[in-house]
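**Q** Sequence:
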Amino acid sequence: MTYLSKRLAHIPMKSIRYNLLNQPDTVQFRNGSAIVNYYTADGKRTGSKYLTPQTTVVIPACQTFGSTSGTAAMSSHVTARRGSLEYAGADFESDTLIRIHNG
1170 MTYLSKRLAH
1180 IPMKSIRYNL
1190 LNQPDTVQFR
1200 NGSAIVNYYT
1210 ADGKRTGSKY
1220 LTPQTTVVIP
1230 ACQTFGSTSG
1240 TAAMSSHVTA
1250 RRGSLEYAGA
1260 DFESDTLIRI
1270 HNG
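With the numbering used here, the residue at position 94 of the sequence shown is 1263, and numbering never jumps.
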C-alpha cells in the first residue's frame, strides 16, 4: 500500500468517471451511492443527480453502478442550475428553488 493510498483509505469513493472535457461525470461511492453530473457542450455544469441505493449493493472493482449487470432499487434527487437559480426535485422535475447564486 502506497503512502497516498493510505492517506485516501478513509474516503468512501470507489471510482470517478470523466467526460471528454476531463470533468467528473460520475462519482461512485463504496456503498453504491453515486453522483452524476450534467454539463453543457461548453463545459458548464447544469445539474447533478444523486443516487442512493435502497438495498445493499456490491460494486465490482473498476466499475460503476451503471456498468454492472445487476439492478437495485435506487432513490434519486436532482439539482439543476438555470442561470443564477438552483432548483431541486425528482428526476428532471426540478421544481423547488433551493439557492440563488450572486455573481
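Do not take every clue at face value.
[As the list claims (entries may be wrong)] Label-pair ranges, simulated between beta-carbon atoms:
no. : residue 1 : residue 2 : range
1   : Pro1181   : Ala1210   : 29 to 37 Å
2   : Tyr1208   : Met1182   : 29 to 37 Å
3   : Arg1186   : Thr1221   : 13 to 21 Å
4   : Leu1189   : Ser1217   : 29 to 37 Å
5   : Ile1185   : Lys1213   : 27 to 35 Å
6   : Asp1211   : Arg1186   : 14 to 22 Å
7   : Pro1193   : Thr1221   : 15 to 23 Å
8   : Pro1181   : Asp1211   : 29 to 37 Å
Derived by calculation from the structure, the hints in this document are not laboratory data. Bear in mind the structure is a predicted one, so any value in this text is a computation, not a measurement. In this text, a Cβ means the ideal position worked out from N, Cα and C, and glycines have one as well.
**Q** Look at each hint and say if it fits the structure.
**A** Here is what the structure says about each hint:
1. Hint check: Pro1181 to Ala1210, Cβ distance near 32 Å, so the stated range 29 to 37 Å holds.
2. A beta carbon spacing of about 20 Å between Tyr1208 and Met1182 contradicts the range 29 to 37 Å that was offered as a hint.
3. Range check, Arg1186 to Thr1221: Cβ separation about 18 Å, and the 13 to 21 Å hint holds.
4. For the hinted restraint 29 to 37 Å between Leu1189 and Ser1217, the CB-CB distance of approximately 18 Å leaves it violated.
5. Distance hint check for Ile1185 and Lys1213: the Cβ-Cβ separation is about 19 Å, which falls outside the suggested range of 27 to 35 Å.
6. A hinted range of 14 to 22 Å for the beta carbons of Asp1211 and Arg1186 is consistent with their spacing of about 20 Å.
7. Evaluation of the 15 to 23 Å hint for Pro1193 and Thr1221 yields a pass: the beta carbon distance comes to about 18 Å.
8. For Pro1181 paired with Asp1211, a C-beta distance near 31 Å keeps the hint of 29 to 37 Å intact.
Consistency with the previously given hints fails for numbers 2, 4, 5, ordered from lowest to highest.
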